[in-house]
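Quick note, the sequences are listed as chains A and B, same order.
Numbering-wise (our numbering), the first sequence opens with residue 1 and increments by one.
Numbering-wise (our numbering), the second sequence opens with residue 1 and increments by one.
A couple of the hints might just be wrong.
For identical chains, the list gives no copy identity; a pair is met inside one copy or between any two copies.
Claimed, not checked - Only pairs whose alpha carbons sit at most 20 Å apart, straight line, appear in this in silico DMTMM-like list of lysine to aspartate or glutamate:
{"id": "1", "residue 1": "K139", "residue 2": "E128"}
{"id": "2", "residue 1": "K131", "residue 2": "E113"}
{"id": "3", "residue 1": "K139", "residue 2": "D129"}
{"id": "4", "residue 1": "K92", "residue 2": "D70"}
{"id": "5", "residue 1": "K200", "residue 2": "E184"}
{"id": "6", "residue 1": "K192", "residue 2": "D242"}
{"id": "7", "residue 1": "K192", "residue 2": "D140"}
{"id": "8", "residue 1": "K139", "residue 2": "E240"}
Please keep in mind that the hints were generated in silico from the structure rather than gathered at the bench.
Protein chains: 2
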Amino acid sequence: MAEYELHYWTGIQGRGEFVRLALEAAGAAYIDVAREPEAQGGGDRALMRRLRHTSNPTPSFAPPFLVHGDFTIGQTAAILIYLGPRLGLVGKTEREVLWTHQLQLTIADMVAEAHDTHHPVSVSLYYEDQKDAALQKAKDFCEQRIPKFLAWFEQVLERNDAPGTHLAGGRLSYADLSLFQLVEGLHYAFPKATARALAKAPLVTRLHDTVRQLPRIRTYLGSSRRLAFNEQGIFRRYPELDA
Amino acid sequence: MAEYELHYWTGIQGRGEFVRLALEAAGAAYIDVAREPEAQGGGDRALMRRLRHTSNPTPSFAPPFLVHGDFTIGQTAAILIYLGPRLGLVGKTEREVLWTHQLQLTIADMVAEAHDTHHPVSVSLYYEDQKDAALQKAKDFCEQRIPKFLAWFEQVLERNDAPGTHLAGGRLSYADLSLFQLVEGLHYAFPKATARALAKAPLVTRLHDTVRQLPRIRTYLGSSRRLAFNEQGIFRRYPELDA
Chain A
1 MAEYELHYWT
11 GIQGRGEFVR
21 LALEAAGAAY
31 IDVAREPEAQ
41 GGGDRALMRR
51 LRHTSNPTPS
61 FAPPFLVHGD
71 FTIGQTAAIL
81 IYLGPRLGLV
91 GKTEREVLWT
101 HQLQLTIADM
111 VAEAHDTHHP
121 VSVSLYYEDQ
131 KDAALQKAKD
141 FCEQRIPKFL
151 AWFEQVLERN
161 DAPGTHLAGG
171 RLSYADLSLF
181 QLVEGLHYAF
191 PKATARALAK
201 APLVTRLHDT
211 VRQLPRIRTY
221 LGSSRRLAFN
231 EQGIFRRYPE
241 LDA
Chain B
1 MAEYELHYWT
11 GIQGRGEFVR
21 LALEAAGAAY
31 IDVAREPEAQ
41 GGGDRALMRR
51 LRHTSNPTPS
61 FAPPFLVHGD
71 FTIGQTAAIL
81 IYLGPRLGLV
91 GKTEREVLWT
101 HQLQLTIADM
111 VAEAHDTHHP
121 VSVSLYYEDQ
131 KDAALQKAKD
141 FCEQRIPKFL
151 AWFEQVLERN
161 DAPGTHLAGG
171 RLSYADLSLF
181 QLVEGLHYAF
191 PKATARALAK
201 APLVTRLHDT
211 VRQLPRIRTY
221 LGSSRRLAFN
231 EQGIFRRYPE
241 LDA
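Excised from the complex, chain A in its bound form (with noise of 0.2 Å):
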C-alpha cells in the first residue's frame, strides 16, 4: 500500500523528477499515479481531470503534486518542504530546515530560466516558432547564468564546514538531491557549457557524484522509473543552444 501519490505528466522528468528523487532516496512507498494503466487512474488526461478537480479545496496550478492521505499539495518546494522531515531528508532546527528550503528555492530559478532556454517567448508556441529568442537566450544562459548560479552553490559547498559534501549541514537533504537533477539536466541539455562551468566547481562536481552512488539512487537511476531526458522535458538536447 503506498503512503504517498506523486501525480506527475507521464513523459518526462520534468519538476517531478525533483519530487520522485526525494521518495527513491528515502525508500518511501508512493506510486506515480499517472504512469500507472489507465485502468487504475494512469494517464494523463485522468492528471488534468484530478487536476481540475472541483472539490479540492487546495488546488494546484499545474502538476506535480501529492497527496498524502487527505491532503493534497502543490509547487515542488513546498512539496519538499512537507517531506523533508517526513523522508528524513532536512535537518531538525528551523534554520536548518529555512535554509535548505531557500537553496531549493534558488535550485527552481535555476530550473526555470534553464526550462525558458528553449521556450523564452510562450509555452504555448513550439521551439521552432520561437528559436531567434531561444538563440540569444541560451547564449545567455550558457556564458552568464550557469557560471553564476554554480560558482554561488560552490561557495556555499565551501562555507559548510560539517563533514562530508552537503548543501546544508552534514547530512543528505532534498536540496543536495534537487542539486544533483539539476546538474544531470545541464550535463544533458548544455554539456559543453556545463563541463566549462563544473570545472571551476569541483565541490558541486562531487556532490553530483556522492548523489549519483546513494545505494537507493543508484538502484532508481538503472531502473525504468527513471525516465530518459527528452526534447519535451524541462532540459532539452538541441546542440544549437549550447553555447
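On the provided structure of chain A, position chain B as indicated by the hints.
Chain B only, in chain A's frame:
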C-alpha cells in the same frame, strides 16, 4: 530599535515589496537598510557588499534578504514562511502554513513571468535590445497567462468557504498581501489586459480592494516608504506591451 532588517535595492519595489507589505501590515519594527543614509549602511553598494560578505554561512543568491538577530534568510517566499507565524500572517496548522506557501509560490511564478515580458532574453541586456521577443512574450502573457493565473486565484477564493475574502482560511495572510501587490503591478504594467481579466475575477478584485483599505496598508501606501512603480522594476509600463 528595529527587530527586523530588510535588505533590498533602493530604487524599486521589486521582490522586496512582498516582504515590506507583510512587515507593514503587521506593524513590525523594521528598517529598510539600503534606503538608510550611506553613513548608516545605506545604499546599493553597501547592499552588494553585504550580499557578497564572505563570513555569512547562509548567503543569498540575490536580494531580498532579511536579517533577524543572528539569522539571515533569503528568497522572498522563504522570508515569508519565516515571518508568517511571527507576524500573525498565516494560520496555525501545518496545512494552513503549507497551503499559504503554495499560494505564495504560485504568485512568485506569475511575478517572474511578468518580469520576463520586458526581459525575455537576458537580464543583462536593455529592454530595447530584446524588444522583438518582449513584444511576443507580452502578447502571450496578456492573452493567455494573465487570464489563466487570475482565473486560478478566483477559483481559490471561490472554494474558500471561511468568512471574508481571503485566499487561505478566514484570516489575512501574507499571500493576500502578495496577491494585492501582484494585482497592483499588473494594473500598472498592463492596464488594459488586467482590466479585461479582472472583469471575470470579482473576488480577486474584492480582495485587492480590501487589502488596500487595511488601515496600516493605507498608511503605508500614502507614505514615502512606498516607492512608486517605475521602469527599473518588475512591473514596467511600456504601453506597447499591453496587448
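Under a CA distance limit of 20 Å, which applies to K139 and D129: within one copy, between copies, both, or neither? both (18 Å within a copy, 15 Å between copies)
Classify it for me, K131 with E113: is the Cα-Cα distance of at most 20 Å met within a copy, between copies, both or neither? This pair counts as both: shortest intra-copy Cα distance 16 Å, inter-copy 19 Å.
With 20 Å as the alpha-carbon cut-off, assign the pair K192 and D242 to within, between, both or neither. within (6 Å within a copy, 38 Å between copies)
Between K200 and E184, at a C-alpha cutoff of 20 Å, which is it: within one copy, between copies, both, or neither? Only inside one copy: K200 and E184 sit 17 Å apart there, 42 Å across copies, limit 20 Å.
Give the relationship of K139 and E128 under a CA distance limit of 20 Å: within one copy only, between copies only, both, or neither. both (17 Å within a copy, 18 Å between copies)
Within, between, both or neither: K92, D70 at alpha-carbon 20 Å: between (25 Å within a copy, 18 Å between copies)
Checking an output row: K139 and E240, CA cutoff 20 Å. Within, between, both or neither? So K139 and E240 pass the 20 Å test inside one copy only (10 Å; across, 26 Å).
Within, between, both or neither: K192, D140 at alpha-carbon 20 Å: Result: close within a single copy only, 14 Å intra versus 32 Å inter.
Violated hints for the displayed structure: none, as all numbered hints are satisfied.
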